[in-house]
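Colleague: Going line by line, the protein sequences match chains A and B.
First residue of the first sequence: 1, per the working numbering; consecutive thereafter.
First residue of the second sequence: 1001, per the working numbering; consecutive thereafter.
These aren't lab readings, by the way, just hints derived from the structure by calculation.
Note that CB positions come from ideal geometry on N, CA and C, so glycine has one too.
Fair warning: there could be bad hints in the mix.
What the hints assert, rightly or not - Each pair of labels, with its calculated beta carbon distance range:
#1 B:S1161 - A:N112: 45 to 53 Å
#2 B:R1076 - A:L109: 50 to 58 Å
#3 A:L109 - B:E1086: 41 to 49 Å
#4 B:P1114 - A:D157: 47 to 55 Å
#5 A:A256 - B:E1109: 50 to 58 Å
#6 B:S1133 - A:L113: 47 to 55 Å
#7 A:V92 - B:G1072: 31 to 39 Å
#8 A:S18 - B:W1178: 49 to 57 Å
#9 B:A1064 - A:P114: 50 to 58 Å
Claimed, not checked - Rough simulated footprint, nothing fancy, chain A against chain B, three-plus residues with beta-carbon under 8 Å:
#10 1053 to 1059
#11 1189 to 1198
One-letter residues, chain by chain:
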Amino acid sequence: MSVTTPIPRASSWLAASSLAQRIGSVALFVAVWQIAADAVGSRLLPSASAVCVALIQECVNGPLLFHLGITLARVAAAFTIAMVVGTAVGIVMGRSRTLDALFDSWLVLLLNLPALVVIVLAYVWFGLTEAAAIGAVAVNKIPNTAVTLREGARALDRNYSDMAASFHVGRWRTLRHVIMPQLYPYVFAAARSGLALVWKIVLIVELLGMSNGVGFEIQLYFQQFDVTRILAYTIAFVAVIQLIEWAIFQPLERRAGRWRQ
Amino acid sequence: MRPALIAHVREKRYPRARGAKPHLALAGLSLEIPAGEFVALVGPSGCGKTTFLNIVAGLDRDFAGEVALAPGHEGRPARVGYVFQEPRLLPWRTVYENIALVLPASGAEGIVDPMLQAVGLAGARDLYPPQLSVGMSRRVSIARAFAIEPDLLLMDEPFVSLDHDTVEQLRDLLLKLWHARPTTVLFVTHDMREALVLADRLVLLSAAPGHVVADVPVSLARNRRESGAEIERLRDEILRRHRELIGAEAEAATPVE
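Build out the structure end to end from the sequences listed, making use of the hints.
Modeller: Here is the structure:
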């Protein structure tokens, strides 16, 4: 007992100090920005306070929340498709040597295909539609997810599958209780990098062919050289994505890994 | 009554794998076990004991021969419980969930909790396997196999690499469970003393390719097996009679296969 008591205290102290460090780091960034903006004194580098004011205005009176919502819906759709399809493809390729040999070069090709090419081709072939936009984003992420999950599927422990088979645990229960828990670390790795990739590509898709969403708005303000509003939209979006990471991904990951404690 | 298990493995070969020669693991291994009998399969390391169990369990279908299990109650397919050499508990599921996994979803609770009680682990119900001691993990693994009310219980050296006291406790527990929930047992070991303490009958295997070289009923009454001297005398007798058959390997019992 005497050994275990200091540990929680130390870890909570560490957590508090890392939070303080984080806040300090952000404050430093804002300070540098403010000083630089004051020194330059141009509307092409607006001050942090000006951007903050614009952000509040756009939220309250402007269409920021509407466009943010549209973009988030596209991110969610593309992300879900990419994770589901990529996970399925990855598991199948990891389990079957034949299919892996057959489709490995396809994966390599897709992995090296520039996002822009996929988007342009999707718009050319399928028109400037919502489905083409979301599909193009998903296709950019699928090979990534598939490669990660293929690694996971290759690392599955045969001993557990044999146990499940000898006790006649059904297919669905085996997948849920025996296979998926071994793949969770890979799913989370793919989801993390997936979210980061998907939201950036969604903006490009919107900029190139949609008439709403954050990407569309940024293009609009780009034409007006309105850097203040571009930054306001960017900050709002980055904050939401970070919130998703904190409020959804991290708790889920902790929950999946609670047996390790 | 039909034997619980009839197995004739004419041949089990491992094909040439990367860096390994093709290997003939079993050749002409025949075994019948009447319902309710506790059989110990004894043989040197590497003689194909685990291979044989995997064939009986239906995990390995790539062999020449037949395996027939007598159906269970009211003609349902035979249930096979398997206690592996390592406990093979899912570390991400609690003790309770590990056992419930092998049971039908409805009514699992009424089976798992009494089972945990029976192996003295009611208090560990909601722990995760990494939190258990080695002895406790083995208990859970045994409880899982008994929980399905198996028609045939396969045990693959379940007590290797444990300290002496733990092994004693686990053996007592196994016999207690078996008396309370009688079933047919096929228990693999390389330890002749262990086999003599537990089994009704010893089946001795040759070195690879494995086949049966001797089939010895254990006549010593169960209540007299406490005495190490009696077991020792029997063991010497069996070794003397079958030494030429099983070779010196059976003597040199290696702890890990």
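Colleague: Looking at the structure, which of the earlier hints fail to hold?
Modeller: Per hint list: 4, 5, 11 violated.
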